[in-house]
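Colleague: Each chain is listed here by its residues.
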Amino acid sequence: MHLDLTDRQWLWCAAGFYAAGFVLGTASTIRGGRVRGLPIYGTILAGYILQFIGLGIRGHATGGCPLGNPFEIFQFTAWSAISLYLVIGVTFRSSVLGYFTSCLGAALTILSLSIPAWDAVRRTHIFGGNPWIELHAALAIFSYGVFGLLALTSTLFLFRHFSLKSKRLGGWFSFLPSILDLDHIEVRLLGAGAALLTLALAFGSVYFTRDTPNVGHFKLAATVAVWAVATVAFGLRISGRLLSKRFAWTCLALFAAALLSLGAVDESRHPVERPPSGRAAP
Amino acid sequence: MSEACLFVLGATHHSAPVEVREKLAVESESALRGELASVAGLRELAVLNTCNRVEFYGVAANESAVESVQAVYCARQKFEVGQFESIRIRLTGREAALHLFEVASGLDSQLVGENEIFGQVKDAYAAAQASGSTGAVLNRLFQKAFQAAKHVRTNTGISSGRVSVANVAVDLAANIFGNLADVKVLVLGTGEIGEGTAKAFKSRGAEDLAVSGRRIERASEVAGGLGAGTVRFEEIDSHLASYDVIVCSTAAPTTIVSAAAISAAMRRRPARPLLLIDLALPRDVEAAAADLQNVFLYNLDDLARIAESNRMAREAEIARCRELLSHRATGLWEHVQRHLSSGSNGTSDPHGPGI
Numbered sequence: 579m580h581l582d583l584t585d586r587q588w589l590w591c592a593a594g595f596y597a598a599g600f601v602l603g604t605a606s607t608i609r610g611g612r613v614r615g616l617p618i619y620g621t622i623l624a625g626y627i628l629q630f631i632g633l634g635i636r637g638h639a640t641g642g643c644p645l646g647n648p649f650e651i652f653q654f655t656a657w658s659a660i661s662l663y664l665v666i667g668v669t670f671r672s673s674v675l676g677y678f679t680s681c682l683g684a685a686l687t688i689l690s691l692s693i694p695a696w697d698a699v700r701r702t703h704i705f706g707g708n709p710w711i712e713l714h715a716a717l718a719i720f721s722y723g724v725f726g727l728l729a730l731t732s733t734l735f736l737f738r739h740f741s742l743k744s745k746r747l748g749g750w751f752s753f754l755p756s757i758l759d760l761d762h763i764e765v766r767l768l769g770a771g772a773a774l775l776t777l778a779l780a781f782g783s784v785y786f787t788r789d790t791p792n793v794g795h796f797k798l799a800a801t802v803a804v805w806a807v808a809t810v811a812f813g814l815r816i817s818g819r820l821l822s823k824r825f826a827w828t829c830l831a832l833f834a835a836a837l838l839s840l841g842a843v844d845e846s847r848h849p850v851e852r853p854p855s856g857r858a859a860p
Numbered sequence: 086m087s088e089a090c091l092f093v094l095g096a097t098h099h100s101a102p103v104e105v106r107e108k109l110a111v112e113s114e115s116a117l118r119g120e121l122a123s124v125a126g127l128r129e130l131a132v133l134n135t136c137n138r139v140e141f142y143g144v145a146a147n148e149s150a151v152e153s154v155q156a157v158y159c160a161r162q163k164f165e166v167g168q169f170e171s172i173r174i175r176l177t178g179r180e181a182a183l184h185l186f187e188v189a190s191g192l193d194s195q196l197v198g199e200n201e202i203f204g205q206v207k208d209a210y211a212a213a214q215a216s217g218s219t220g221a222v223l224n225r226l227f228q229k230a231f232q233a234a235k236h237v238r239t240n241t242g243i244s245s246g247r248v249s250v251a252n253v254a255v256d257l258a259a260n261i262f263g264n265l266a267d268v269k270v271l272v273l274g275t276g277e278i279g280e281g282t283a284k285a286f287k288s289r290g291a292e293d294l295a296v297s298g299r300r301i302e303r304a305s306e307v308a309g310g311l312g313a314g315t316v317r318f319e320e321i322d323s324h325l326a327s328y329d330v331i332v333c334s335t336a337a338p339t340t341i342v343s344a345a346a347i348s349a350a351m352r353r354r355p356a357r358p359l360l361l362i363d364l365a366l367p368r369d370v371e372a373a374a375a376d377l378q379n380v381f382l383y384n385l386d387d388l389a390r391i392a393e394s395n396r397m398a399r400e401a402e403i404a405r406c407r408e409l410l411s412h413r414a415t416g417l418w419e420h421v422q423r424h425l426s427s428g429s430n431g432t433s434d435p436h437g438p439g440i
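The listed protein sequences correspond, in order, to chains D and B.
Heads up, the first sequence is in this note's numbering, so the first residue is 579 and it goes up one at a time.
Heads up, the second sequence is in this note's numbering, so the first residue is 86 and it goes up one at a time.
Honestly, I wouldn't trust all of these hints.
To be verified - Here are a few chain B residues that face chain D, going by a calculated C-beta distance under 7 Å:
no., residue
1, Phe262
2, Gly263
3, Phe381
Treat the hints as calculated values from the structure; they're not laboratory data.
We treat Cβ as the ideally placed atom computed from N, Cα and C, and that holds for glycine.
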């Protein structure tokens with residue numbers, strides 16, 4: 579059987595699965611039962627595979643990592659976050675994290691699919707035929723996906739903190755992981771995200787030093803600012819000076835900053851063309 | 086009851102107070118089972134014998150077989166049949182199946198939603214199987230009861246939340262630290278409530294416990310029973326930073342753990358949370374400690390409120406659970422009824438030999 583779907587159709591299917599995971603978790607919560615991990619994990623995994631196919635078709639058509647416009651960047655960010663969840667979700671057996679991840683995946687993918695203008699044009703030759711620049715871009719956006727998952731974990735941390743301080747432990751709060759586990763996940767995710775972004779900037783700096791006039795200074799400033807927040811926050815957390823709620827809020831702010839910086843990243847590129855209508859190879 | 090039927094006969098905490106249940110408790114199940122094996126028309130049998138209930142689940146060819154079970158049991162326990170009939174539970178058919186479903190699910194327990202009964206029902210079934218007293222009907226009934234109980238526990242809130250203060254305290258620690266194996270617990274005070282809470286921690290995996298009290302001999306005695314260490318009462322403040330959970334239950338007239346001492350301890354362990362469980366009246370921990378970062382302070386009222394709210398939440402789930410179980414019991418009963426009507430269960434002679 580051969581499905582002749584376009585890349586966007588595959589990505590819509592993926593978004594549908596992510597949304598289904600969210601609906602599944604919400605329905606369990608409303609019914610008063612436990613948010614069950616396996617069905618949500620399976621739903622997210624199915625969405626992830628479909629998204630992988632969609633992005634693969636787009637990447638094949640564009641001849642590189644699909645990061646040429648806001649649509650592709652949001653899709654890649656969601657895909658990165660889900661990739662990490664599929665590893666972390668098993669380790670921590672956190673069905674609530676799966677529930678929130680499906681929410682994030684659905685939000686990012688549906689948002690990007692629902693705004694046609696984001697995919698009306700795409701930058702061409704964004705990597706200039708240079709695989710190091712492509713690696714730089716892929717790593718940077720992957721680190722943003724890590725920050726997305728970090729933001730989710732931080733949200734769970736804040737919910738758990740609120741439940742413990744306000745002494746409300748029943749209902750939905752009873753499904754949250756322990757506050758110490760959430761804190762450990764936050765630290766690891768921030769460390770991983772900061773390391774990936776550091777690597778991305780290291781690869782990018784080689785290009786920057788060789789071709790300074792073609793590097794957007796606004797983009798550079800925005801990316802370095804995100805990197806600085808991530809590394810400083812990580813340093814402060816490790817040294818015990820940024821803890822608990824303040825650390826969680828900083829992680830949320832970091833993801834917000836990362837999303838905002840995407841505008842600057844995309845604006846710095848030239849030139850533009852219509853995106854290819856990618857289809858699976860026959 | 087003119088044809089073979091599934092039945093349950095017994096007495097539970099609902100109608101039999103503890104002094105009566107003491108008399109009804111079966112000491113040697115195998116001996117009783119041996120006596121019941123000779124009851125004519127009794128085709129299958131399983132005995133559920135716990136501190137809150139003695140119940141006989143069986144398949145009988147006729148009503149007199151059930152009466153005989155009752156007579157044999159009462160004679161063995163030296164319990165008056167008339168008194169037993171005034172407190173007994175006796176159900177047949179679908180109602181008997183539904184009853185077992187509710188028992189296995191913890192709906193019929195004294196502490197609604199408790200999990201221990203599930204294991205006890207499993208043990209009762211295993212013992213019956215081992216003695217060869219189960220057949221097609223009871224095998225199916227118990228298997229379906231286990232499935233139903235698992236379904237209800239997974240899909241409803243009947244078992245969620247603890248309902249005793251000590252267990253609520255341990256749950257709280259799990260909400261903060263996750264795995265309790267690496268959690269260090271210090272118990273201040275050597276009273277019953279502190280000791281009970283320490284035991285609850287130990288039973289849930291906490292291995293590093295210490296006890297402190299004004300009388301070091303008493304503290305050593307309690308610590309010995311728990312396999313815990315001791316801390317000198319006068320040196321508590323200097324040890325606070327070493328523990329993750331501090332359970333306070335002294336009879337001191339004023340606070341013994343100040344917010345300043347907690348604050349100083351937290352400076353030595355800023356990234357690791359501290360749970361303070363204050364079970365004392367008057368309170369042992371200064372209330373201002375609750376405002377410190379990474380410190381979670383719960384007093385007796387807080388824990389009692391959580392336990393009560395858990396109990397109410399469980400009871401609110403009973404109706405939903407009953408509906409789920411009723412549906413399953415009906416399905417099972419239709420199947421069992423066909424089986425019994427077809428006469429495929431053992432002998433067709435109602436007065437034939439027992440199991």
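Colleague: Can you verify the interface hint for B:Phe381: is its Cβ closer than 7 Å to any Cβ in chain D?
Modeller: 5 Å, holds
Colleague: Minimum Cβ distance from B:Phe262 to chain D below 7 Å?
Modeller: Hint holds; B:Phe262 Cβ to chain D Cβ min 5 Å, cut 7 Å.
Colleague: Would you settle whether the hint for B:Gly263 is holds or violated, based on the nearest Cβ-Cβ distance to chain D being less than 7 Å?
Modeller: 4 Å, holds
Checked against the numbered hints listed earlier, the structure breaks none of them; every hint is satisfied.
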